[in-house]
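Here the protein sequences come in this chain order: A and B.
Numbering-wise, numbering that gives the first Met the number 0 puts 7 at position 8 of the first sequence, and it's gapless, one number per residue.
Numbering-wise, numbering that gives the first Met the number 0 puts 76 at position 77 of the second sequence, and it's gapless, one number per residue.
Since the hints were derived computationally from the structure, they do not count as laboratory data.
Errors might be hidden in some of the hints.
To be verified - In silico BS3-like cross-links for lysine-lysine, where the CA-CA straight-line distance does not exceed 27 Å:
#: 1; chain 1: B; residue 1: Lys49; chain 2: B; residue 2: Lys61
#: 2; chain 1: B; residue 1: Lys61; chain 2: B; residue 2: Lys121
#: 3; chain 1: B; residue 1: Lys49; chain 2: B; residue 2: Lys181
#: 4; chain 1: B; residue 1: Lys230; chain 2: B; residue 2: Lys243
#: 5; chain 1: B; residue 1: Lys89; chain 2: A; residue 2: Lys167
#: 6; chain 1: A; residue 1: Lys164; chain 2: B; residue 2: Lys89
Unchecked claim - Which stretches of chain A does chain B cover? Using the computed rule of at least three CB atoms under 8 Å from a CB of chain B, they are:
#: 7; stretch: 69 to 82
#: 8; stretch: 162 to 176
#: 9; stretch: 231 to 238
#: 10; stretch: 264 to 277
To be verified - Cβ-to-Cβ under 7 Å is the rule here; a few derived chain A residues that face chain B:
#: 11; residue: Leu179
#: 12; residue: Asn180
#: 13; residue: Ser181
Just so we're clear, the structure is a prediction, and the values are computed from it rather than from any experiment.
By construction, the Cβ of each residue, glycine as well, lies at the ideal position given by its N, Cα and C atoms.
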Amino acid sequence: MHPILSNRARLVLYVAAWLPLAGLLAALLVLQIRFSWPQALLVAGPLTLLYALLCLPSWYLCRAFPAGLTSQARLLAAQLLAALFSGLLWSALGIPWASLLSHFSGNPDYSESYKAAIPLFFAMGSVIYVAVAFVHYLLIAWQERAEADRLVLEMAVMAREAELKALKMQLAPHFLFNSLNSISALTGSSPKAAREMCLLLGSFLRKSLAFGAKLQVTLSEEMSLVSDFLAIERVRFGPRLSLDFKVQEQAGTCLMPPLLLQPLLENAVNHGVAQMIEGGTISLEASLNGSRLSIIITNPYDPDSRPSKGTGLGLQNVRARLETLFGTEARLEVERDAAVFRVRMLLPVRRSTASLTDQPPATRS
Amino acid sequence: MSEKLKAVIVDDEEPARLLLREYLAAHPEVQIVAECANGFEAVKAATDLKPDLMFLDIQMPKLSGFEVLELLDPDPVVVFVTAYDEYALKAFEVHAADYLLKPFGQDRFDETLNRVKDRLKKGNVTRLEPLVRDILAERKWLDRILIKDGSRVHILPVDKIDYAEAQDDYVSFRSGGKDYLKAQSMNDLENALDLSRFVRIHRRYILNIERVARIELYAKDSRIVILHDGKQLPVSRAGYQRLKALFGGEV
Chain A
0 MHPILSNRAR
10 LVLYVAAWLP
20 LAGLLAALLV
30 LQIRFSWPQA
40 LLVAGPLTLL
50 YALLCLPSWY
60 LCRAFPAGLT
70 SQARLLAAQL
80 LAALFSGLLW
90 SALGIPWASL
100 LSHFSGNPDY
110 SESYKAAIPL
120 FFAMGSVIYV
130 AVAFVHYLLI
140 AWQERAEADR
150 LVLEMAVMAR
160 EAELKALKMQ
170 LAPHFLFNSL
180 NSISALTGSS
190 PKAAREMCLL
200 LGSFLRKSLA
210 FGAKLQVTLS
220 EEMSLVSDFL
230 AIERVRFGPR
240 LSLDFKVQEQ
250 AGTCLMPPLL
260 LQPLLENAVN
270 HGVAQMIEGG
280 TISLEASLNG
290 SRLSIIITNP
300 YDPDSRPSKG
310 TGLGLQNVRA
320 RLETLFGTEA
330 RLEVERDAAV
340 FRVRMLLPVR
350 RSTASLTDQP
360 PATRS
Chain B
0 MSEKLKAVIV
10 DDEEPARLLL
20 REYLAAHPEV
30 QIVAECANGF
40 EAVKAATDLK
50 PDLMFLDIQM
60 PKLSGFEVLE
70 LLDPDPVVVF
80 VTAYDEYALK
90 AFEVHAADYL
100 LKPFGQDRFD
110 ETLNRVKDRL
120 KKGNVTRLEP
130 LVRDILAERK
140 WLDRILIKDG
150 SRVHILPVDK
160 IDYAEAQDDY
170 VSFRSGGKDY
180 LKAQSMNDLE
190 NALDLSRFVR
200 IHRRYILNIE
210 RVARIELYAK
220 DSRIVILHDG
230 KQLPVSRAGY
240 QRLKALFGGE
250 V
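Only chain A is shown next, with the shape it has when bound in the complex (with noise of 0.2 Å):
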């Protein structure tokens, strides 16, 4: 879309902009070539109006060499070539415009004057043309500005939405009506386990809740939280569900997004070991794997149960905050074969010095 053409405003303002050029070139014409006042407005303004017309497309070879991405010799040559160009094509104009003025007004005066005016016209039209294919690129610029304000902008919302997403998906009514309802059947026969499980369930509420307003936490706080929520969930499932994890000690200090591995483990849960009879091992394992730090989340599942409702929301989420946030630094892999299943996360190392965390890194603005 062409930005002058597209919008009303801008259209009044460009053609006023052309107003004192008209006057100008009637000036000039008084001045240097004795043209009478009306006679030299009769002749510049109509021409100058066209030539307003004319330069308009200029729009689409500034954009077809932009600035910055052409080289600056090509940049230029096209430029000159197109304002010498219009500025020829512009004077070359005059003449029948000359000629249809001195038949109408029956005075040869304008055709002849004019001849003299032609090497003006060209001159003014090649600087005029330059002058407006250098507000095209202002235009460009500011136009990709705005388009690129908008996009981080959009990036920002984008980000915030996943992580209340993730929020949301954390304190996932199923989960917490069924703790509820363990609690309530321990209260009657073995108070105290009932009371430990309210106090694990008081734990992992805060700091999901906590965690959903930072930015990032180190592997062990996540991995604290996801203790939390397999505690209260080894309760319900008894020896059904049994756990495996082992994280490497430099992997503990790492950073990242909060609540990226208690979703996978929920799944590893609700459609690995709590579809099968016998129940099963999830195991975990954190390890620094070059500038990587790499966690596998692996679960038994039963390939004949089918996908229930919901699976794939919590790794889709996953996905999308990964992807925002890192963008191709990060990856998450997910296999299955007969009877495992195996998701593999990959995020950039990152590391603060200070112990507190909540400041955004480096790399976010």
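Assemble chain B onto chain A, guided by the hints.
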């Protein structure tokens, strides 16, 4: 009511069973005859013990509560117990099923149990087939067939089925060299199966198209299909048209 009501508790979570046991202790007229941790145990208990009443969790491994219900015959009165399932709740309301939402207290439990006892006394038991049909129909295609064999349950994934054959009021499923019998109508089965993978080749046969080796002209206007294992099945004229449509006319 001199005889006690026989109740079965079905939930894969121990604390949840514990809670029901505790709440039921206040009702001496109800006797817990079995506690089941999964759907298979539930089907077995229902077949062997013929309970009057079943407390049935919905989300369980292998067999969901709804699938258990599909396999029960005759039905006990069922009280569904679930934590959160928007879709199921809607279905419960539509079909006036009795249900308990976790967590629930003794009051709510007593209320539900009294209503159920009332139903049993008046013989005014809610039929749950429409509910089960609604819930199961929500899935796009049938992806496995549940077959009750005495008190045992077989799960046949549909892609392991070679063909289904009508036998009076039953359908016989051929899978892995064995036949499994289920009370079902051919039309219901045909409607539930993915018709890009299964085709009704004859009034009496539905075929897994992956098993087709070739189709041969048997007599004028009459064809047979030969399966990879050599088995031959008759193909009706309408069945042949369907096969042709599926294989893009190249049969």
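With a cut-off of 8 Å between beta carbons, are at least three residues of the stretch 162 to 176 of chain A near chain B?
-> Held - the stretch 162 to 176 of chain A has 3 residues with a Cβ nearer than 8 Å to chain B, which meets the minimum of three.
Would you mind confirming whether the straight-line C-alpha gap from B:Lys49 to B:Lys181 stays at or under 27 Å?
-> 20 Å, holds
For the hint on A:Leu179, does the least C-beta distance to chain B fall short of 7 Å?
-> Result: holds, 4 Å to nearest chain B Cβ.
Quickly compare the C-alpha distance for B:Lys49 and B:Lys61 to 27 Å and report which way the hint goes.
-> 22 Å, holds
Are there three or more residues in the stretch 264 to 277 of chain A whose C-beta lies within less than 8 Å of some C-beta in chain B?
-> holds (count 4)
Holds or violated: B:Lys89 with A:Lys167, Cα cutoff 27 Å?
-> 23 Å, holds
Apply the coverage criterion to the stretch 69 to 82 of chain A and chain B: a residue qualifies when its Cβ sits closer than 8 Å to a Cβ of the chain, and three qualifying residues are needed.
-> violated (count 0)
Taken at face value, is the distance from the CA of B:Lys243 to the CA of B:Lys230 at most 27 Å?
-> 20 Å, holds
Hey, does the A:Ser181 contact hint survive, CB to chain B under 7 Å?
-> Where the cut-off is 7 Å and the nearest Cβ of chain B is about 4 Å from A:Ser181, the hint holds.
Within 8 Å of chain B's CB atoms, at least three CB atoms from the stretch 231 to 238 of chain A: coverage verdict = holds (count 4)
Holds or violated: is there a CB of chain B closer than 7 Å to the CB of A:Asn180?
-> 4 Å, holds
Agreement of B:Lys61 and B:Lys121 with the hint, judged by alpha carbon distance not exceeding 27 Å = With a Cα-Cα distance of about 35 Å, the restraint between B:Lys61 and B:Lys121 is violated, given a limit of 27 Å.
Checked against the numbered hints above, the structure breaks hints 2, 7 and satisfies the rest.
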